[in-house]
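For the protein sequence lines, the chains are A and B, in the order given. Under this note's numbering, think of the first position of the first sequence as 303, with each following residue one higher. Under this note's numbering, think of the first position of the second sequence as 64, with each following residue one higher.
Hints are supplied without guarantee of correctness; some may be wrong.
Derived list of chain A stretches under chain B, where covered just means 3 residues or more per stretch with a C-beta under 8 angstroms from a C-beta of chain B [as the list claims (entries may be wrong)]: (1) 327-337; (2) 346-357; (3) 377-383; (4) 417-428; (5) 461-467.
Derived by calculation from the structure, the hints in this document are not laboratory data. Glycine is no exception: its CB is placed at the ideal position from the N, C-alpha and C atoms.
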Amino acid sequence: MSLRPATYGLMGEFRTTAEAAAVARELRAAGFTRWDVYGPAPLEEIEHATPTRRGILITAIMFAAAIVGACWGYFLQYWDAVIDFPINVGGRPLDGWPGFVPSAWEICALFTVYGGFLAFLITCRLPRLHHPLFAAPHFERATQDRFFVCVEAADAQYEAARVGEIFTRHGVIETSEVPA
Amino acid sequence: MPERAAELGYEGPVIGPEQDFSSVSTTLSDLVLERPTPRWWYIGAAISAAGFLLFVIACLWTFVGGVGVWGVNIPVAWGFALANYVWWIGIASGGTFISSLFYLVGSDWRNGVNRTAETMTLLAAAAAGMMPILHLGRQGLFYWLFPYSTVMGIWPQFLSPLLWDFFALLCYVLTSIVFWYIGLVPDCATLRDRATKRWQQIFYGILALGWRGSARDWHSYKSAYLIMAGIMAPMVVSVHSIVGLDFAAGLIAGWHSTQWPPYFFIGALYSGWAVVLALMIPLRWFYSLERIITERHLDVIAKLMLATGLMLAYCYLLEAMEPFYTGDATKATEYLASAFGHYGATFWARNTLNIFVPQLLWLPVIRRNKLALELISIGIVAGMWIERYNFVVSALAQDYVPSKWGWFGGTFWDWSILIGSAGMVMFGFFAFIRLLPVVSMFEIREIIHKRRGRGATGGARQ
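Make a model of the complete structure from these sequences and hints.
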């Protein structure tokens, strides 16, 4: 296998979630690493068959964003009231923390949601308007009513005949080679 | 399909049993991509555009003439703009709450209405955001609220609820945009893939960001969305509670009470459900979506309205009790004046529209009658505005000292801003239903998959 394969991978089209999930389980058991299932909705069956650690990564990014947001939101107010422009009003404490909490919380929420959106984009490697997969036949139905499994040619175990055989065993409708 | 209407009755499933992945994708995207613009759309959009134009003119006139063109003066220095603000932000809150809280608790009916609810949220929050800016008097200086002291040499007062409000609204609008958009990405990919016209392919292609629907990408999506929903639900509570605190921190007799945060929040949810229902009923009828937005959806929201209305009734009773329980003569005078004085009509209008009439929702026959539901919902939306108006104005009009009492009435420009802002929101809604799928397609597919059992889903179309 050359370093830059002329094909992106081998794609199989399936009619049901069960078929796609069965292919995913078999690919995983056979030790393939660079493959994915494409479908029109987040469905548990397929999700369970597809290994990923992205959930932990996204949670970590959002948690970090929440901490940064809360700290920044609080510090912004603390800096003003205590360091930059302290005003003594009847001897009340300068660091009136209960009054700083609401704004700090709103900023924390803002950071968390935007952190989540960025984490989503980064882990999915979006935006990427063009992708070799879009050239595959019928792939437009991956966002409507069909399921597709693609094994990338970059996978160390990739062998078109073997992958094709797995696809066939699970009732593939059509197998096609996706050009890079 | 009248012969099958019974199974989608108010105890039926949330989706027509014959619906599958293909039919959902086709029905919902063809409304946007294929179907010629219906005549009712032109009529509705034209009326709302006229309202929007009125809003623009009223805003420009306010910029030129100052807030003096409104009816506000001393003692009633806050009038329509504040009532409008509280009302719009409340409507927005209801939409986010449907979308986030009912996602967290896993209610399947939520998937049929969340797109409409979130869009309404976004538009209502934008309308709400205009009101404080208009009311500033010197609108050009609104950026003074931003805390960048090194340039300005002046800091905002962080301990004031009015500034919390600024942070709350700003953060709420910004997060709502992302929460709405991330849910649109997979649906825009469906539209991109079904589009036949070049401009549609480019437009939805850009909005879809190159979404391919890989299982790992779906996992990213769900992880991020779950936490976002978990943040949005408490955020909405905090945003509207802060609006309540704006009043609680004021020294006006009718405002100075700690009961407002829940009082305002419950009212907010109430108006939010009512707007969602008032929009869904015509939408499903005009677009023939009875198999996707079923009677079950309407029934659930009607019951939610009833429950929330009872909570609001409790709040109204508490509001009536407090002045007499505390024995504060000023508060009692103010309360009695709000109920029987110059603004008494609005007090009873609010009770009628928000509490008495919605009791009809106890009856299943009313909950199944679309026209009755629509009218009750519109009544609640109006009633909530009247409640905010009564709350803001009557408290200011009759304060501690009788020599300081004075009445307020809205001018042409006050009414223009209220009606115009509704025109702006409706115009945005008409644009939305023409350009984007009105129901979240992939979330409906999830429901179909759950109902059909594992492994059984996929396209029937070859």
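Subject >> Within 8 angstroms of chain B's CB atoms, at least three CB atoms from the segment 417-428 of chain A: coverage verdict >> reply: holds (count 8)
Subject >> Coverage of the segment 461-467 of chain A by chain B (three or more Cβ within 8 angstroms) >> reply: violated (count 0)
Subject >> Three-residue Cβ test at 8 angstroms for the coverage of the segment 346-357 of chain A by chain B >> reply: With 8 residues close enough to chain B, the hint holds.
Original post:
How does the coverage statement for the segment 377-383 of chain A fare against chain B, requiring three or more residues with Cβ below 8 angstroms from a Cβ of that chain?
Top reply: Per the Cβ count (4), the hint holds.
Subject >> Coverage criterion applied to the segment 327-337 of chain A (partner chain B; beta-carbon cut 8 angstroms; 3 residues) >> reply: violated (count 0)
Violated hints, listed in ascending order, are 1 and 5; each of the other numbered hints is respected by the structure.
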